[in-house]
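From first to last, the protein sequence lines are chains A and B. According to my numbering, the first sequence holds residues 1 to 114 in order. According to my numbering, the second sequence holds residues 1001 to 1114 in order.
These are calculated hints, taken from the structure and not from any lab test. Take these hints with a grain of salt, some might be off.
Straight-line distance between alpha carbons at most 27 Å, and here's what the computed DSSO-like set of lysine-lysine pairs gives [what the hints assert, rightly or not]:
1) A:K16 / A:K113
2) A:K70 / A:K38
3) A:K38 / A:K3
4) A:K38 / A:K113
5) B:K1013 / A:K3
6) B:K1057 / A:K38
Far from chain A by the CB rule (all over 12 Å, computed), these chain B residues [as the list claims (entries may be wrong)]:
7) R1009
8) Q1037
9) V1113
Here the structure is a predicted model, which means the values were calculated and not measured. Backbone N, C-alpha and C define an ideal beta-carbon position, used for all residues, glycine too.
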Amino acid sequence: AQKVTQAQTEISVVEKEDVTLDCVYETRDTTYYLFWYKQPPSGELVFLIRRNSFDEQNEISGRYSWNFQKSTSSFNFTITASQVVDSAVYFCALSEVSNNDMRFGAGTRLTVKP
Amino acid sequence: KAGVTQTPRYLIKTRGQQVTLSCSPISGHRSVSWYQQTPGQGLQFLFEYFSETQRNKGNFPGRFSGRQFSNSRSEMNVSTLELGDSALYLCASSFRFGSDSPLHFGNGTRLTVT
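Build out the structure end to end from the sequences listed, making use of the hints.
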């Protein structure tokens, strides 16, 4: 069965610092999809990015960037020049083609202090 | 476009009672998934419905059930409530059934069992 590990339970940074959230996954499938979601205090999970297992290109979207490395089964998320509004719980998730249910990591609570 | 709507937002029930939670997906979305979120277990997959059929089920007892209507709206029912059922129940919709489809979440229903 697939598994997602987010070893960092909580991270606290000061505004404008860069921060990287780690995500390591396990799967036997060759075709799978990785996701990142953000859960602000309001509770609603917000989809940030999707990556398929055949696309290892890094992606940058504004202050957000993602590093996908199949060799280490990692899909890390970096926020550059963090802002207070980035404070939230961030979840990494994995969905295998073979069973189609999305499994989430435990989440990393990021606190950005002014 | 309206997002995923879950009702009610809060519920307080007593052990042994049953409860029904409702979810209206984003217009045009035909797949609805349900997740249970607790501090101890994190986000756990309950089940997924597509075209009124349950397509996938997580590892929860039979007390947890759901259904989907022809307009894609979904309900989740929990019978014989236990204290451990206290959680945030999240509904998510996606345009279609598939492991590559990002989930769009509602704000959740917070259930407290006393």
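Hints versus structure:
For the given pair, K16 (chain A) sits about 9 Å from K113 (chain A) by alpha-carbon distance, which is consistent with the 27 Å threshold. For the hint linking K70 (chain A) to K38 (chain A), the alpha-carbon distance of about 23 Å falls within 27 Å, and the restraint holds. For the hint pairing K38 (chain A) with K3 (chain A), the CA-to-CA distance comes to about 19 Å; that is within 27 Å, so the pair holds. For the given pair, K38 (chain A) sits about 18 Å from K113 (chain A) by alpha-carbon distance, which is consistent with the 27 Å threshold.
The suggested pairing of K1013 (chain B) with K3 (chain A) is violated, with an alpha-carbon distance near 33 Å, which exceeds 27 Å. A C-alpha spacing of about 24 Å is found between K1057 (chain B) and K38 (chain A), which places the hinted pair at or below 27 Å, so the restraint holds. Some Cβ of chain A comes within 12 Å of the Cβ of R1009 (chain B); the nearest lies about 9 Å off, and the non-interface call is violated. A beta-carbon of chain A is positioned within 12 Å of the beta-carbon of Q1037 (chain B); the least distance is around 9 Å.
Annotated as non-interface, V1113 (chain B) keeps its C-beta farther than 12 Å from every C-beta of chain A; the closest such distance is 19 Å.
When each numbered hint is compared with the structure, violations occur for hints 5, 7, 8.
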